[in-house]
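Chains as they are written, first to last, in my numbering: chain A, 31 to 345; chain B, 144 to 459.
Think of the hints as simulated: they come from the structure by calculation, not from any bench. Some clues are possibly wrong.
Once the Cα atoms are required to be at most 20 Å apart in a straight line, the calculated DMTMM-like pairs of lysine to aspartate or glutamate come out as [stated by the list, open to error]:
1) B:Lys160 / A:Glu245
2) A:Lys57 / B:Asp289
3) B:Lys160 / A:Asp56
4) A:Lys337 / B:Asp422
5) B:Lys198 / B:Asp422
6) B:Lys283 / B:Asp346
7) B:Lys446 / A:Asp146
8) B:Lys283 / A:Asp56
9) A:Lys341 / B:Glu347
10) A:Lys57 / B:Asp288
11) B:Lys239 / B:Glu354
12) B:Lys283 / B:Asp359
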Amino acid sequence: MLNRTADSVARATPEPLARKVRGISDKGLAWLFISPTILLLLAINIFPLFWAIYLSFTNYRANRPNEVVKNVGLANYKRILGDQDIWIAMQTTAHFVFWTILLQTLIGFTLAWLIDRKFRGHAFWTTIILVPMMLSPAVVGNFWRFLYEPQIGLFAYAISFVSGIPPTDIQMLSNVSLAPWSIIIVDTWMWTPYVMLICLAGLRSIPEYIYEAAEVDRASNWRQFWSITLPMALPFIMLAVLFRGIENFKMFDMVNLLTGGGPGSTTEVASITLKRQAFESWRTGYSSAFAIILFVAVFGLANIYVKALNKVKQR
Amino acid sequence: MSLTTAHSVVAPSANSKLIAGTIIVAYALISIVPLLWIFATSFKTPPDSIAYPPKIVFQPSLEGYCNLFTTRTRQTPEYINSLGPATGLCDETVRKRNMVIAGPSNFMPRFVNSLIIAFGSTFCAVFLGTLSAYGFSRFKVPLADDLLFFILSTRMMPPIAVAIPIYLMYRELGLSDTALGMILLYTAVNVSLAVWLLKGFIDEIPREYEEAAMIDGYTRLQAFWRTVLPQATTGIAATAIFCLIFAWNEYAFAALLTSGTAQTAPPFIPTIIGEGGQDWPAVAAGTTIFLVPILVFTILLRKQLLRGITFGAVRK
Numbered sequence: 031m032l033n034r035t036a037d038s039v040a041r042a043t044p045e046p047l048a049r050k051v052r053g054i055s056d057k058g059l060a061w062l063f064i065s066p067t068i069l070l071l072l073a074i075n076i077f078p079l080f081w082a083i084y085l086s087f088t089n090y091r092a093n094r095p096n097e098v099v100k101n102v103g104l105a106n107y108k109r110i111l112g113d114q115d116i117w118i119a120m121q122t123t124a125h126f127v128f129w130t131i132l133l134q135t136l137i138g139f140t141l142a143w144l145i146d147r148k149f150r151g152h153a154f155w156t157t158i159i160l161v162p163m164m165l166s167p168a169v170v171g172n173f174w175r176f177l178y179e180p181q182i183g184l185f186a187y188a189i190s191f192v193s194g195i196p197p198t199d200i201q202m203l204s205n206v207s208l209a210p211w212s213i214i215i216v217d218t219w220m221w222t223p224y225v226m227l228i229c230l231a232g233l234r235s236i237p238e239y240i241y242e243a244a245e246v247d248r249a250s251n252w253r254q255f256w257s258i259t260l261p262m263a264l265p266f267i268m269l270a271v272l273f274r275g276i277e278n279f280k281m282f283d284m285v286n287l288l289t290g291g292g293p294g295s296t297t298e299v300a301s302i303t304l305k306r307q308a309f310e311s312w313r314t315g316y317s318s319a320f321a322i323i324l325f326v327a328v329f330g331l332a333n334i335y336v337k338a339l340n341k342v343k344q345r
Numbered sequence: 144m145s146l147t148t149a150h151s152v153v154a155p156s157a158n159s160k161l162i163a164g165t166i167i168v169a170y171a172l173i174s175i176v177p178l179l180w181i182f183a184t185s186f187k188t189p190p191d192s193i194a195y196p197p198k199i200v201f202q203p204s205l206e207g208y209c210n211l212f213t214t215r216t217r218q219t220p221e222y223i224n225s226l227g228p229a230t231g232l233c234d235e236t237v238r239k240r241n242m243v244i245a246g247p248s249n250f251m252p253r254f255v256n257s258l259i260i261a262f263g264s265t266f267c268a269v270f271l272g273t274l275s276a277y278g279f280s281r282f283k284v285p286l287a288d289d290l291l292f293f294i295l296s297t298r299m300m301p302p303i304a305v306a307i308p309i310y311l312m313y314r315e316l317g318l319s320d321t322a323l324g325m326i327l328l329y330t331a332v333n334v335s336l337a338v339w340l341l342k343g344f345i346d347e348i349p350r351e352y353e354e355a356a357m358i359d360g361y362t363r364l365q366a367f368w369r370t371v372l373p374q375a376t377t378g379i380a381a382t383a384i385f386c387l388i389f390a391w392n393e394y395a396f397a398a399l400l401t402s403g404t405a406q407t408a409p410p411f412i413p414t415i416i417g418e419g420g421q422d423w424p425a426v427a428a429g430t431t432i433f434l435v436p437i438l439v440f441t442i443l444l445r446k447q448l449l450r451g452i453t454f455g456a457v458r459k
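Chain A with its partners taken away, still in its complex shape (with noise of 0.2 Å):
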């Protein structure tokens, strides 16, 4: 009864006045819900990175927590620019997005072109495909050690079943000039299929008209393919890229668990080289600024990701 009343008072009055009797301001409603988020990125997310930075400007080591903390200004950031290793890490990195990418591109595309060409079954073997992509690429890429093995292993033998290579010779991960390439196999095989997937969801996005009045211009598949097909999926290939490009300039669960950055060396990766100077040298200090440069970086790599999802968005 007395909830009737309210109500009917409630529709009588004027808008804003009638927000506030029902409760709260369609504005304060928009910060309750979402301040819950912001709070716990900025205390996750926020606090800790101010935090490394400060800690870039220290020689702290958290190992040896009791040690007086010197501040010691811009050091740690002269140090690694002028740090060989750290100049190596970054090159064997951008060895690693090159190639990866490169390959999951161009077999990602084919992928998805073939698929496009909708043969029956086609559904049921995409799903096949898109499988290894949502396994943990630890647990996978830990897995592939096994099949890496020189002569037990799966790989070396199917290898050495084709190339005529005595199986014993073909040392996947301890040799210096296959080690890379070990981790870019598993990489590919891994995240193809994330390729093809968003690639076919831009071929898919082509409208049949385009083709149609091709066709009627008389022109050639080959021109067709040139002048249509890939200019209007690019940027959706453009989206994959680059996702895996900042995906893969963090690469840090596969390397660990194959190769561990070696043999000596070859395969460390940023993240590795991080990992070592921040958990096993306990260099907390320089590992910071280290840390803060990737961030730096892969916040410029976001920037231009979230303008290209938004110009997939406007299609």
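We have chain A; now place chain B onto it with these hints.
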């Protein structure tokens, strides 16, 4: 070629379909070989698993699963003979190798940790994400684009770089190697995905429903609860599964921030060793048990996958 035929002039020919189909099927079959090999290895005996040439046909055995769940000690045959009859299948299998079961392994506790941390963080991330997504979708939030970018960018951070200050912070707060600490961390990582995905799903629900409900006298909160939430169920379920998969698969944070009581399965599985190095059948058994839930979810999710992996930008 006539343009008056009923079927499309641009439909691929039967021949090109056949070639495309063959290549795709071949790729799919090759790409699942490693997974089939994991499954097969989990049913091999340790000698079979390291045989040369690799055995495709073998006598299936549960030794890998037995070794996964137990720890064992080597004993003399005399001692084993002096024991009573074997109490179970695993006991029998183990005795054939001159071993006795010493106790349960750490696999079960690690697996349970994975379950608690994955489900706990998923629940929190989806809860916070739904609220924020509704806020961003329906209200004029100042600097909305910047806030959304900020939320997404937190997910792009390199985990090792984040782990350094988190490690120190958790040490101060006593959250090191605790399930609560990992739940908080995974919630923070997943909430960005949840906000972006759910905003897309909620954007698709027409505002007219809520407006009608509000004209009928519902408050904004009631309208959200009674009209928006029920219609967003599919989206919320899909988002939850994506969060669950991330938390389930995560390795870098888990490896650096947990070591004992709160350790999850991904950093644990690679450490399963037998007598002469890695016990591959046991590793394969652990991997199989770990992967099966994800396979089921992937099949359930296949229509939403694209959306999930692009933060909701590409829809179909």
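- Given the hinted pair lysine 239 of chain B and glutamate 354 of chain B, is their alpha-carbon gap at most 20 Å? Violated. Lysine 239 of chain B to glutamate 354 of chain B sits at ~72 Å, over the 20 Å cutoff.
- Message: Run the distance test for lysine 57 of chain A versus aspartate 288 of chain B: straight-line Cα separation, threshold 20 Å.
- Response: Status holds; Cα separation ~17 Å.
- Item | lysine 283 of chain B paired with aspartate 56 of chain A [C-alpha distance capped at 20 Å] | 9 Å, holds
- Query: Hey, lysine 283 of chain B versus aspartate 359 of chain B, does the alpha-carbon distance stay inside 20 Å?
  - Reply: Since the Cα atoms of lysine 283 of chain B and aspartate 359 of chain B sit roughly 23 Å apart, the hinted pair is violated (cutoff 20 Å).
- Query: Taking only the CA atoms, is the gap from lysine 337 of chain A to aspartate 422 of chain B under or equal to 20 Å?
  - Reply: Violated, at about 47 Å.
- Query: Within 20 Å, alpha carbon to alpha carbon, are lysine 341 of chain A and glutamate 347 of chain B?
  - Reply: At roughly 19 Å apart (the allowed maximum being 20 Å), glutamate 347 of chain B and lysine 341 of chain A satisfy the hint.
- Message: Just to be careful, I want the Cα atoms of lysine 283 of chain B and aspartate 346 of chain B compared with a cutoff of 20 Å; is the pair within it?
- Response: Distance ~13 Å between lysine 283 of chain B and aspartate 346 of chain B Cα, so the pair holds.
- Under the criterion that the straight-line Cα-Cα distance not exceed 20 Å, is the pair lysine 198 of chain B, aspartate 422 of chain B satisfied? 17 Å, holds
- Message: Need the status of pair lysine 446 of chain B, aspartate 146 of chain A: alpha-carbon distance at most 20 Å?
- Response: Cα-Cα ~16 Å, so holds.
- Are the Cα positions of lysine 160 of chain B and glutamate 245 of chain A separated by 20 Å at most? 19 Å, holds
- Hint consistency between lysine 57 of chain A and aspartate 289 of chain B [alpha-carbon to alpha-carbon, up to 20 Å]: 18 Å, holds
- Are the Cα positions of lysine 160 of chain B and aspartate 56 of chain A separated by 20 Å at most? Not satisfied, since the Cα-Cα distance of roughly 55 Å exceeds 20 Å.
In this structure, the hints that do not hold are numbers 3, 4, 11, 12, in rising order.
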